[in-house]
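Chains as they are written, first to last, in the numbering used here: chain A, 1 to 200; chain B, 1 to 200.
None of these hints come from the bench; they were simulated from the model. The structure presented is a predicted model; accordingly, all values stated were derived computationally and were not measured.
Partial list, derived from the structure: chain B residues whose beta carbon lies under 8 Å from chain A: (1) Ile52; (2) Lys57; (3) Asn69; (4) Val140; (5) Asn141; (6) Glu146.
Capping the alpha-carbon separation at 25 Å, the derived lysine to any residue pairs in SDA-like fashion look like this: (7) B:Lys57 to B:Gln179; (8) A:Lys99 to B:Ser79; (9) B:Lys57 to A:Gly142; (10) B:Lys57 to A:Pro108; (11) B:Lys22 to A:Gly145; (12) A:Lys99 to B:Asp41; (13) A:Lys57 to B:Lys99; (14) B:Lys99 to A:Ser71; (15) A:Lys11 to A:Met116; (16) A:Lys99 to B:Thr62; (17) B:Lys43 to A:Ala124; (18) A:Lys186 to A:Glu29; (19) A:Lys11 to B:Lys43; (20) B:Lys43 to A:Asn72; (21) B:Lys57 to A:Asn141; (22) A:Lys186 to A:Ser159; (23) B:Lys83 to A:Ile147; (24) B:Lys43 to B:Ala55; (25) A:Lys155 to B:Gly145; (26) B:Lys99 to A:Asp64; (27) B:Lys22 to B:Asn182; (28) A:Lys83 to B:Ala139; (29) B:Lys57 to A:Ala139; (30) A:Lys57 to B:Asn141; (31) A:Lys57 to B:Thr144; (32) A:Lys99 to A:Thr144.
Interface residues of chain A toward chain B, partial, derived using beta-carbon atoms under 10 Å: (33) Phe59; (34) Pro91; (35) Pro129; (36) Thr144.
Yeah, the Cβ is synthetic: ideal placement off N, Cα and C, and Gly gets one too.
There are 2 protein chains.
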Amino acid sequence: MTVRIPPRSGKGFRLNKGEILKVTDPQGEQVSDMVAFNAADTKEYISSGRSIDYASKMFLSTGDILYSNRSNPMFEIISDDVKRHDFTLTPCSREMFRKLYGETNPPPGCQGNLEMALQPYGIAPDQVPIAFNIFMHVAVNGETGEIEVRPPLSKAGDSIKLRAEMDMIVALTACSAGQSNNHTYKPIDFELLPEGAADG
Amino acid sequence: MTVRIPPRSGKGFRLNKGEILKVTDPQGEQVSDMVAFNAADTKEYISSGRSIDYASKMFLSTGDILYSNRSNPMFEIISDDVKRHDFTLTPCSREMFRKLYGETNPPPGCQGNLEMALQPYGIAPDQVPIAFNIFMHVAVNGETGEIEVRPPLSKAGDSIKLRAEMDMIVALTACSAGQSNNHTYKPIDFELLPEGAADG
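Next comes chain A alone, as it looks inside the complex (with noise of 0.2 Å):
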């Protein structure tokens, strides 16, 4: 079954040891962060720095590891329509609107979102880590260090499929940033497979 977040939102759900979640971008340029908790003790949590050094390179895709703080695998990206995302950056947030946009008013943003949706499952905001922003393209300036955030590789109906290594508390957003989805904010789609999916 398909869920479908709104744009501008986030959902909370617990995904279980050899499920599979799909994430799809149903209409194209649009950016999902990802955080992921062990649901057995929440304080281990999706680790970008570990996930990073332990597969030398930045951009992660079929065939690599979403690891933990504590180094246990979380997830394996068993397939990738687009074969770019972020592990760098946090979420998007009021006060990231208010420094980099000059909003005044500005919205919840994926950190917001993510807040709401982990709050059931008793995850404060302070534990809401860098995310793996599914689809979110960030070039990178190898010489320079200057990253700049354009507008996702995704089209209509491409997706990402992960496979869960440990119980975890998963949530998703449907991301409220103007500069990661090409100012156009839109919804995304997951489902949760049963084992054994992943050619499905």
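With chain A fixed as given, assemble chain B onto it according to the hints.
The following block gives chain B in isolation, referenced to the frame of chain A:
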């Protein structure tokens, strides 16, 4: 007063708002992983994801701000002899030495040394975030995303000065990872200078 951190170890200390932390590489080509927490509420911690986002660059140097997960300034870099540090990777750890170096009896690494340095302040192992890895030279291929840990660009006596923007608990290491320091495990020196000592 200069404090020396012996090779492959770490130290924790309180740093008050306005004080200047000077970190020196006394022998050259050594890395110091730095983490920081709000002294009044250690759930607020240094955040690479916020800092990189607000600076729009991965390599931070003089004039750049290191932000917390709550988007508050923690440090301003006020001088920097080396101009190349990493803010992408979690501290080296037993698990990293096993996974990347194939070591069967690994040392605690910067992760373990930071945990020990922070324990007296009531900061738990799971709270150790991505560090500001002073003098660490991580080459980034902007096309492929591949990263490569190279010897630091620091020469003997090179230093960085950071002004504290809040009262903090800080921990520093003399790094334990051969790849980070050209396989020479050396000490790191630091000093706490009073406000206004920026040119000292």
